[in-house]
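Asks: Chains as they are written, first to last, in our numbering: chain U, 1 to 341; chain W, 342 to 682; chain F, 683 to 1023.
By construction, these hints were calculated from the structure, which means they are not laboratory data.
Among these hints, one or two may not hold up.
Said to hold, decoys possible - Restraint-style ranges between C-beta atoms, simulated for each label pair:
1) U:D328 / W:D380: 50 to 58 Å
2) U:Y307 / W:F517: 58 to 66 Å
3) U:S102 / W:S442: 33 to 41 Å
4) F:D766 / U:W247: 49 to 57 Å
5) U:E262 / W:I375: 28 to 36 Å
6) U:F185 / F:S741: 50 to 58 Å
7) F:G804 / U:T283: 52 to 60 Å
8) F:A978 / U:N160: 49 to 57 Å
9) F:S741 / W:G573: 22 to 30 Å
Claimed, not checked - On the chain W side, residues computed to face chain F include the following (Cβ under 8 Å):
10) V365
11) G420
12) F421
13) E423
14) L452
15) A528
16) T534
For glycine and all other residues, C-beta sits at the position ideal for the given N, C-alpha and C.
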Amino acid sequence: MKKVLFASTALIATAGVAAADSGVNFSGYGRFGIGYQEDRVGAVTNIVTPSNTATSATSVVVDTDDAILVSRFRLNIDGFTETDGGVRFEGRVRLQADEDSSTGEANSAGLNGARFSVIYGGLRVDAGNVAGSFDNLANYYGNEVGLELFAGQYSGVNYNFLAYSSTGSGANAVFFQYAVGDFAFGASYDTRTFAVNGSEVSGDRWDVSATYTFNNITAAVAYGQTDSGVSGVSDPSLTVLTLGGEWGDFGGTLFVADDATEVTATDGTAWGLSASYNLGAATTLLFTYGDGNADADLQQVAIGAIYDLGGGASLRGGIGVNDCDICDSQTVADFGAQFNF
Amino acid sequence: MKKVLFASTALIATAGVAAADSGVNFSGYGRFGIGYQEDRVGAVTNIVTPSNTATSATSVVVDTDDAILVSRFRLNIDGFTETDGGVRFEGRVRLQADEDSSTGEANSAGLNGARFSVIYGGLRVDAGNVAGSFDNLANYYGNEVGLELFAGQYSGVNYNFLAYSSTGSGANAVFFQYAVGDFAFGASYDTRTFAVNGSEVSGDRWDVSATYTFNNITAAVAYGQTDSGVSGVSDPSLTVLTLGGEWGDFGGTLFVADDATEVTATDGTAWGLSASYNLGAATTLLFTYGDGNADADLQQVAIGAIYDLGGGASLRGGIGVNDCDICDSQTVADFGAQFNF
Amino acid sequence: MKKVLFASTALIATAGVAAADSGVNFSGYGRFGIGYQEDRVGAVTNIVTPSNTATSATSVVVDTDDAILVSRFRLNIDGFTETDGGVRFEGRVRLQADEDSSTGEANSAGLNGARFSVIYGGLRVDAGNVAGSFDNLANYYGNEVGLELFAGQYSGVNYNFLAYSSTGSGANAVFFQYAVGDFAFGASYDTRTFAVNGSEVSGDRWDVSATYTFNNITAAVAYGQTDSGVSGVSDPSLTVLTLGGEWGDFGGTLFVADDATEVTATDGTAWGLSASYNLGAATTLLFTYGDGNADADLQQVAIGAIYDLGGGASLRGGIGVNDCDICDSQTVADFGAQFNF
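Working from the sequences, and respecting the hints, build out all of it.
Replies: This is how it looks when you write it as structure tokens:
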């Protein structure tokens, strides 16, 4: 019995193999390190004395360690084929394990909901557990900071848009994307049925986006809305405008959003920016800032760095502060290694 | 870091690689499309007003969308090796994600119970989550119709035979199969312990089959029985006879069964037939009909088509009616794409 | 569409492919056979008559079959890369399915918690779901007996040391190992927070080990301790000394431990030994014995054999007796096939 080795070099060594027309791709990354979160709390086993046996009794929320071992293992499983006419079909399921960030213990790996894609030229249609127009929007996330990407320019946004779920089943929706020249358009639709006082109502949500790239700058705008399903309650909506550009070693993004979730404490304008700077051959510095005008909008400010080790591995870390007008501020930080495979 | 590409063309390009003696195979398919089911119902979240927050409250069964996004992602994971003596060992676990057909939402992917196989010449022994003699019987399923194979000639059968479970743990049973010349024989045994009034009883089930192929026709017969475990209650049983043949572009199957499940509403004779016809190079037309003589036996009639796109991808769809003597009839239909990998 | 075949021979055929620098490895084994356990009990469905329908009612513990179909499917999924500086990063998740040993039914496959590794020269650091110093200790397990490895020399040990979990999330801990010449050192640390009467306490555990190899003999010693977290309760601890050697066809191990778990019925000295003997080219005979001086310490005596079929497949079996000073003795045995892939 010989060991099975499925590795990139092996296949690249078979020169002349330009493209496979059907098969299964495996890719992903691992990351692990130390994560610090001020005043971390979590639910742990509670033992009531005088019983001195360690039998699990009940659960209680207590202060857990501020610094814990954080980690993620992500494996993308992509089945694909290409028709005689050049249409590509893909199906993806993701296998992912994360630590339990409240207690610092480990979680078992899990599988998410499947996403299916049809790709032909500049047209792409996704179905199932899909990302919508916001989740796919150029520069929506900007330069997130830290091994765990714990801070981003979008922190003031509270609208629940259609997003790809890495650890759950996600929505069962459809996303369209069409790219032509410097323009790209996106749209998604997600049906949902729920009940109010026992009668079914529709809580469908949809979003659209447009993106334009000119020289080294990309501008994007997106709008999305969710049927509230309840008479007299306005439909929650979100409008986002982003700008991103690169000038040599410097990259930056700007973010403005109007958040109408029908919740006063978080509605209104959200804004943010982020920047990256390549310091020498292997080091990248990162900065991000996000905020909103409502009392409970989360403000995030963070700086971080990535040091490239080659081979798809890097050291990453960051430090930042989470705050809001009516919150206590909280310091967060992390440091560790990430490796792609 | 280079991307990992595990693909068929790459390995086929390494000429002279006839057979691997140990390793892991990945194969499967994705399918997605629109599924229609008249009067579809499902359990959804129920919100009680005047609370106008969208907090999940209780669950209630309501009418959901008749037309939903249907999908499946299936990946077979097969570990295998071959001994010096030419005996092949295999172990399979299946990873599968399906939509929730009651609500139209997505489900996360899951893993099923493992199946183990020993294969030597015409002899095959399966253990674990196995398919029994019916599930393996030639022409039992015939030509099922639709993207989701929603109709089949076996619709009047209600006996719970040993079947491979794609999404659950399945039974922990043994299946034997022996092929010699034009004949093939199968047998399975599945042990089960349960309790009646606190005392353990055996609810074992077994089945046997014989198959004979002459020219382009295959005839098969199978019988199976389950210990009821309760004194005075007869053992449920099932007898099935199938015939299948191919004549050029036409293929057809016949199905007759005697269903003795000790439930009057579904017992008695079940019958069905199915047909397929290749219309030109890429299109296949399908028809299936299944019925039974008991009041609650499900009658299914459906027509469908498959259009081959090449590369293992196809467009598929069907429309049919489900009915029974004491039921309201229900129209079902679907259409979508399937791609193998 | 061509079938995807990921197999060792294929890649070995591409001569000159010495080492891949990034990718995903799949490896594992399957095993299945008959397992016998005297007086096996399990929780099964209980039906209360006069209802004669097979509707699941409640669960009750009854005698189940002593001889059941046992099985395991194990797949290791290893993502890896190597930096320009020669540091190797690895992440592993294991997919495993086992039978339910109490009822003889099958379980679905599951995924465990992820383990991450950094390897450079003789240094290895593991994080996440790791094995600690005992679980990694040379000759700790010795020659375990049977298809299911149902008996081992360590049977008298009751300390709950840090171990790799194949079917659960495991601990979220760190393990260090350093090998230099004939010496190797190991250490692990596992943080845990729980609560006593609602207040958080630390139940951290740690262990250290040292191993020395001289000629064909390996000696190893390890010590580990767990914070009890409760004032007035001593910290449970374990000390282990092992010796192992090989002389031609004969291999043997010795095991002594001091078990201080603060539970009188199982504390004290534990000891054991094991042996293996290669009888001809394909057969290996195995023997193991483990015991302890406390009343409830488990004594295990077992003999077994492995017959190599080539290609990574083998037939394996064993028979043994479990006993303790205050227990009824129990005969256990198994026989079946195992195949690596």
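Asks: Does each hint hold? Answer for all of them.
Replies: Hint-by-hint comparison with the structure:
1. At roughly 53 Å, the beta carbons of D328 (chain U) and D380 (chain W) sit within the given window of 50 to 58 Å.
2. Between Y307 (chain U) and F517 (chain W) the Cβ separation comes to about 60 Å, which falls inside the hinted range of 58 to 66 Å.
3. Checked against the given bound of 33 to 41 Å, the beta carbons of S102 (chain U) and S442 (chain W), roughly 35 Å apart, stay inside it.
4. Against the hinted window of 49 to 57 Å, the Cβ-Cβ separation of D766 (chain F) and W247 (chain U) comes to about 28 Å, which falls outside the hint.
5. For the pair E262 (chain U) and I375 (chain W), the supplied restraint of 28 to 36 Å holds, since their beta-carbon distance comes to about 32 Å.
6. Look at F185 (chain U) against S741 (chain F): about 56 Å separates their beta carbons, and that is inside 50 to 58 Å.
7. Range check, G804 (chain F) to T283 (chain U): about 29 Å between beta-carbon atoms, so the 52 to 60 Å window is missed.
8. Between A978 (chain F) and N160 (chain U) the C-beta distance comes to about 54 Å, which sits within the given range of 49 to 57 Å.
9. Look at S741 (chain F) against G573 (chain W): about 24 Å separates their beta carbons, and that is inside 22 to 30 Å.
10. Hint on V365 (chain W) holds. Least Cβ distance to chain F is approximately 4 Å, under the 8 Å limit.
11. For the restraint placing G420 (chain W) at the interface with chain F, the shortest Cβ-Cβ distance is roughly 4 Å, inside the 8 Å limit, so the hint holds.
12. Restraint check, F421 (chain W) versus chain F: the minimum CB separation of about 6 Å is within 8 Å; hint holds.
13. A cut of 8 Å between beta carbons decides the hint on E423 (chain W): the least distance to chain F is about 5 Å, and the hint holds.
14. For L452 (chain W), the suggested interface contact is upheld, since its CB lies about 4 Å from the closest CB of chain F, less than 8 Å.
15. Interface hint status for A528 (chain W): violated, as the beta-carbon distance to the closest one in chain F is roughly 15 Å, over 8 Å.
16. Interface hint status for T534 (chain W): upheld, as the beta-carbon distance to the closest one in chain F is roughly 5 Å, under 8 Å.
Figure legend: structure checked against the earlier numbered hints; hints not met, in rising order: 4, 7 and 15.
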